[in-house]
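Colleague: These protein sequence lines map, in sequence, to chains S and Z. This note's numbering applies: residue 1 is where the first sequence begins, and numbers increase by one. This note's numbering applies: residue 1 is where the second sequence begins, and numbers increase by one.
If you are wondering where the hints come from, they were derived from the structure by calculation, not from laboratory data. You may find that some hints are simply not true.
Under 7 Å between C-beta atoms, here's a sample of chain Z residues computed to sit facing chain S [to be verified]:
id, residue
1, A116
2, R175
3, K194
4, G414
With a Cα cut of at most 27 Å, we get these calculated DSS-like pairs of lysine-lysine [claimed, not checked]:
id, chain 1, residue 1, chain 2, residue 2
5, Z, K455, S, K156
6, Z, K156, S, K156
7, S, K119, Z, K119
Where chain Z lies over chain S, by a calculated footprint (3+ residues, C-beta under 8 Å) [to be verified]:
id, region
8, 12 to 26
9, 36 to 50
10, 242 to 252
All residues carry an ideal CB built from backbone N, CA and C; glycine is no exception.
Here is how the chains run, residue by residue.
2 protein chains.
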Amino acid sequence: MTAGALIRELEDVLPPGAVVTDPTSLAAYRTDRAHDPSAQAPRAVVRARSTAEVQTAVRWAAKHHVPVIPRGAGTGLSGGASGRSDALVISTELMRDVAVDERTRTVVVQPGLLNAELKAIVAEHGLWYPPDPASFAICSIGGNIATNAGGLCCVKYGVTVDYVLGLEVVLADGRVVRLGGPLIKDVAGLDLVKLFVGSEGTLGIVTEITLRLLPAPPPHRTIIAWFRSTEDAAEAIAEIACTIRPSMLEYMDRAATNAVEDMLGLGLNREAAAFVLAASDEQDPEGREIAFMLEALRRHHPISADETAAERGAELENARRSAIPAVEVNGRILLEDVGVEIPKFAQLVHGIEDIAARNQVAIPLLAHAGDGNTHPLIVFDPADAAEEARAIRAYGEVMTLAIELGGTITGEHGVGRLKRPWLERQIGADALELGQRIKSAFDPDNIFNPGTIFKEVHE
Amino acid sequence: MTAGALIRELEDVLPPGAVVTDPTSLAAYRTDRAHDPSAQAPRAVVRARSTAEVQTAVRWAAKHHVPVIPRGAGTGLSGGASGRSDALVISTELMRDVAVDERTRTVVVQPGLLNAELKAIVAEHGLWYPPDPASFAICSIGGNIATNAGGLCCVKYGVTVDYVLGLEVVLADGRVVRLGGPLIKDVAGLDLVKLFVGSEGTLGIVTEITLRLLPAPPPHRTIIAWFRSTEDAAEAIAEIACTIRPSMLEYMDRAATNAVEDMLGLGLNREAAAFVLAASDEQDPEGREIAFMLEALRRHHPISADETAAERGAELENARRSAIPAVEVNGRILLEDVGVEIPKFAQLVHGIEDIAARNQVAIPLLAHAGDGNTHPLIVFDPADAAEEARAIRAYGEVMTLAIELGGTITGEHGVGRLKRPWLERQIGADALELGQRIKSAFDPDNIFNPGTIFKEVHE
Numbered sequence: 001m002t003a004g005a006l007i008r009e010l011e012d013v014l015p016p017g018a019v020v021t022d023p024t025s026l027a028a029y030r031t032d033r034a035h036d037p038s039a040q041a042p043r044a045v046v047r048a049r050s051t052a053e054v055q056t057a058v059r060w061a062a063k064h065h066v067p068v069i070p071r072g073a074g075t076g077l078s079g080g081a082s083g084r085s086d087a088l089v090i091s092t093e094l095m096r097d098v099a100v101d102e103r104t105r106t107v108v109v110q111p112g113l114l115n116a117e118l119k120a121i122v123a124e125h126g127l128w129y130p131p132d133p134a135s136f137a138i139c140s141i142g143g144n145i146a147t148n149a150g151g152l153c154c155v156k157y158g159v160t161v162d163y164v165l166g167l168e169v170v171l172a173d174g175r176v177v178r179l180g181g182p183l184i185k186d187v188a189g190l191d192l193v194k195l196f197v198g199s200e201g202t203l204g205i206v207t208e209i210t211l212r213l214l215p216a217p218p219p220h221r222t223i224i225a226w227f228r229s230t231e232d233a234a235e236a237i238a239e240i241a242c243t244i245r246p247s248m249l250e251y252m253d254r255a256a257t258n259a260v261e262d263m264l265g266l267g268l269n270r271e272a273a274a275f276v277l278a279a280s281d282e283q284d285p286e287g288r289e290i291a292f293m294l295e296a297l298r299r300h301h302p303i304s305a306d307e308t309a310a311e312r313g314a315e316l317e318n319a320r321r322s323a324i325p326a327v328e329v330n331g332r333i334l335l336e337d338v339g340v341e342i343p344k345f346a347q348l349v350h351g352i353e354d355i356a357a358r359n360q361v362a363i364p365l366l367a368h369a370g371d372g373n374t375h376p377l378i379v380f381d382p383a384d385a386a387e388e389a390r391a392i393r394a395y396g397e398v399m400t401l402a403i404e405l406g407g408t409i410t411g412e413h414g415v416g417r418l419k420r421p422w423l424e425r426q427i428g429a430d431a432l433e434l435g436q437r438i439k440s441a442f443d444p445d446n447i448f449n450p451g452t453i454f455k456e457v458h459e
Numbered sequence: 001m002t003a004g005a006l007i008r009e010l011e012d013v014l015p016p017g018a019v020v021t022d023p024t025s026l027a028a029y030r031t032d033r034a035h036d037p038s039a040q041a042p043r044a045v046v047r048a049r050s051t052a053e054v055q056t057a058v059r060w061a062a063k064h065h066v067p068v069i070p071r072g073a074g075t076g077l078s079g080g081a082s083g084r085s086d087a088l089v090i091s092t093e094l095m096r097d098v099a100v101d102e103r104t105r106t107v108v109v110q111p112g113l114l115n116a117e118l119k120a121i122v123a124e125h126g127l128w129y130p131p132d133p134a135s136f137a138i139c140s141i142g143g144n145i146a147t148n149a150g151g152l153c154c155v156k157y158g159v160t161v162d163y164v165l166g167l168e169v170v171l172a173d174g175r176v177v178r179l180g181g182p183l184i185k186d187v188a189g190l191d192l193v194k195l196f197v198g199s200e201g202t203l204g205i206v207t208e209i210t211l212r213l214l215p216a217p218p219p220h221r222t223i224i225a226w227f228r229s230t231e232d233a234a235e236a237i238a239e240i241a242c243t244i245r246p247s248m249l250e251y252m253d254r255a256a257t258n259a260v261e262d263m264l265g266l267g268l269n270r271e272a273a274a275f276v277l278a279a280s281d282e283q284d285p286e287g288r289e290i291a292f293m294l295e296a297l298r299r300h301h302p303i304s305a306d307e308t309a310a311e312r313g314a315e316l317e318n319a320r321r322s323a324i325p326a327v328e329v330n331g332r333i334l335l336e337d338v339g340v341e342i343p344k345f346a347q348l349v350h351g352i353e354d355i356a357a358r359n360q361v362a363i364p365l366l367a368h369a370g371d372g373n374t375h376p377l378i379v380f381d382p383a384d385a386a387e388e389a390r391a392i393r394a395y396g397e398v399m400t401l402a403i404e405l406g407g408t409i410t411g412e413h414g415v416g417r418l419k420r421p422w423l424e425r426q427i428g429a430d431a432l433e434l435g436q437r438i439k440s441a442f443d444p445d446n447i448f449n450p451g452t453i454f455k456e457v458h459e
């Protein structure tokens, strides 16, 4: 069958307009936010409007051995949705239905709804969906499921997987299977729901999600601290993280702070080596958590450490959320997501400073510090091939450092295609091989997202 | 090889005393707390003292195609550790090492330590391991991992899987693999840690566990309410569960309450149809959660609904924990673990009353009501074959009812061998088949706990 005939067969079984093939439109599906330069425009995109359409597209792909790249909002940061010219992208961006059930405090949602949209919808019912990636305004729930996304409140309220009760999934053979459901406790059979969360589109395409919700979030109080030394900040963070349960414990270094200040002009301290943003939502009029955090921060020689007004707190939380786009203004970035045990946070930060100096690249750093999860942002000028090469070297060195410290190459963004070469070194050949057994058992022809997490068979 | 020579080969590769073969000792390994009458004494038991000994025993079993039944404290309630005469039991009861790390707020523990022992040890460090099965004084951490055990505080603090960061596992081929680790956030590769939790010994034997801990639990306030009608109690529970986050929301019916009162003599209300035990650990001097719960309970026509002193609260929590042994005094029990969405709790309770009446068996009921998870206890006299037959019929009818209500056959005890015939009807043939693919990929010769969750190949 010619390439044109193949696509016409797909168009024939889907509604008009569902299959995108014009080069201008396809270009928008070439990369995700990792901007992998080696990504290619896909052969075609199906913008599905229903589970049945996803199923139809998967059956076509399985029949013709066409690789499938599942895609949400395209905001992934590890190249898990990088396009390739032989592949079909199945996008869930148009699948946006949502239904809140106040009586069971759950919501059933399709994968294309954005995280912030979901939060707003459930808030109208006095409810709360906690996971809040910094990118929550632009990332989709489907993508959050694919990567088991974290965020700022996760230090107290957990990550995506902690809220997923049920999934509907299209398998590699085109079957639609429902896993879990609205029940809060259910141990009937292996936990396939939690296995699909974080599987980065390698096992199937999630078409519907049942999420557990909490009551509306309690009000919180916010502390801002500035430090002359990153070690002091790290020590204070470690003391807080092992003693209480802050509802937020974030960190930015000087370079990240300056990039944010350049963009937003919020009057941030451009001279400080480290910025710590901490919050407590404890409903205690004595404010013991806030008092403890202030003491802990002040014990470690800050420039200042003070509670801030709610409005200013929100502004600074937004500043922290804006750090990645703010740094991107200065060049292209290779985005890291490495994590360590919290007592090793200072070691990780120092090691990254060494890597930056040795490779002569800027690596501004932000962190969900209370989880030990950092985002070093390796900045380079894509027009400068030598600098790009140094940046790529630094990217690998940061992951190697994290592994040497007993840490992870990815805390919340996923392995994607970009971090796959380091995965085995972290988790070991045996764990990788166990994962490969599941991949092979679920998707024997390797049609789903080949090259993400697992090697392609032909490599 | 003769049976004797086979066992001698095992004895030769393990330390003296590790292999148990005398009939008196073996009898103690015949059943777990499900007391399945069809269980058989195993061929031998290895009481392992180290990962290496588990590994040696698994290799021997794999070489000779001997089924392996992993066993913790033997307190399982679904027959997941029922013995069989052709099998080797590998018991982890002697593996009891534990090491707390305050700086990372984690603990590394071997599977044989009891839940209550772990709680006490971490409490010495000012820390808290929340999951608290009613049986916490006698169940082991390894068993908790195997079933993804719940408990009383889970309504607010989650179940076992929410605290497991890392595992060491012996696989069917005798390899030892480490999964996850001490990191709070880590999405590198498929989440095999969460897959092993709740896998009931069908995928491997867990030999070491890394658990996340919380700061010491805050003090809580307790409410006791008595109702004339189970519907009223159920409505009040549903209202509380969808509005706030109680730290405990438990239920017992009249028959369970009377059994506990017979055993403990605490002055419980023998006439009330339903008992509700609710707690809040909100640190709010205005006590808004307690006030809300009292209002909600009082709106639904209770006999009484009052806050109780801390000491009496602890006594009644203990009463609730004693319900299963208290009911067991009246005969043998078939223990159910069915759950539904909370708004369907009253329907489930009524349906079970019908099943009890129709089958002329007593079915006292207790529940982690805030999770929709109930424990109907079907009581029968094992000397009365007709009554036993009616009890067995009722056992199946209760699961069928839960499935018809969109619920689960097991919320926290596991499928074991006793509930397996109902599993497919709940989760569907496709989900069961996906689980079977994982089982076959991890344990192709089906040596680990055959008949638990999955059918035996020869069936």
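Colleague: For each hint, tell me whether it holds in the structure or not.
Modeller: Here is how each hint holds up against the structure:
1. A hinted interface residue such as A116/Z counts as satisfied when its beta carbon comes closer than 7 Å to some beta carbon of chain S; here the least separation is about 21 Å, so the hint is violated.
2. The criterion of a C-beta within 7 Å of any C-beta in chain S is met by R175/Z, whose closest approach is roughly 6 Å, and the hint holds.
3. Of the supplied interface hints, the one on K194/Z holds, with its beta-carbon coming within about 4 Å of a beta-carbon of chain S, less than 7 Å.
4. Given hint, G414/Z at the interface with chain S, holds; its Cβ is 6 Å from that chain's nearest Cβ, closer than 7 Å.
5. Under the criterion of a C-alpha separation no larger than 27 Å, the hint pairing K455/Z with K156/S is inconsistent with the structure, at around 40 Å.
6. Between K156/Z and K156/S the alpha-carbon distance is near 13 Å, which keeps this suggested pair within the 27 Å criterion.
7. A hinted pair counts as satisfied when its Cα atoms are at most 27 Å apart, and K119/S with K119/Z does not qualify at roughly 36 Å.
8. With 0 residues having a beta carbon nearer than 8 Å to a beta carbon of chain Z, the region 12 to 26 of chain S misses the requirement of three or more and the stated coverage is violated.
9. Judged by the Cβ-Cβ criterion of 8 Å, the region 36 to 50 of chain S is not covered by chain Z as claimed, because only 0 of its residues qualify and three are needed.
10. Under a criterion of three residues with beta carbons nearer than 8 Å to beta carbons of chain Z, the stated coverage of the region 242 to 252 of chain S is upheld, 4 such residues being counted.
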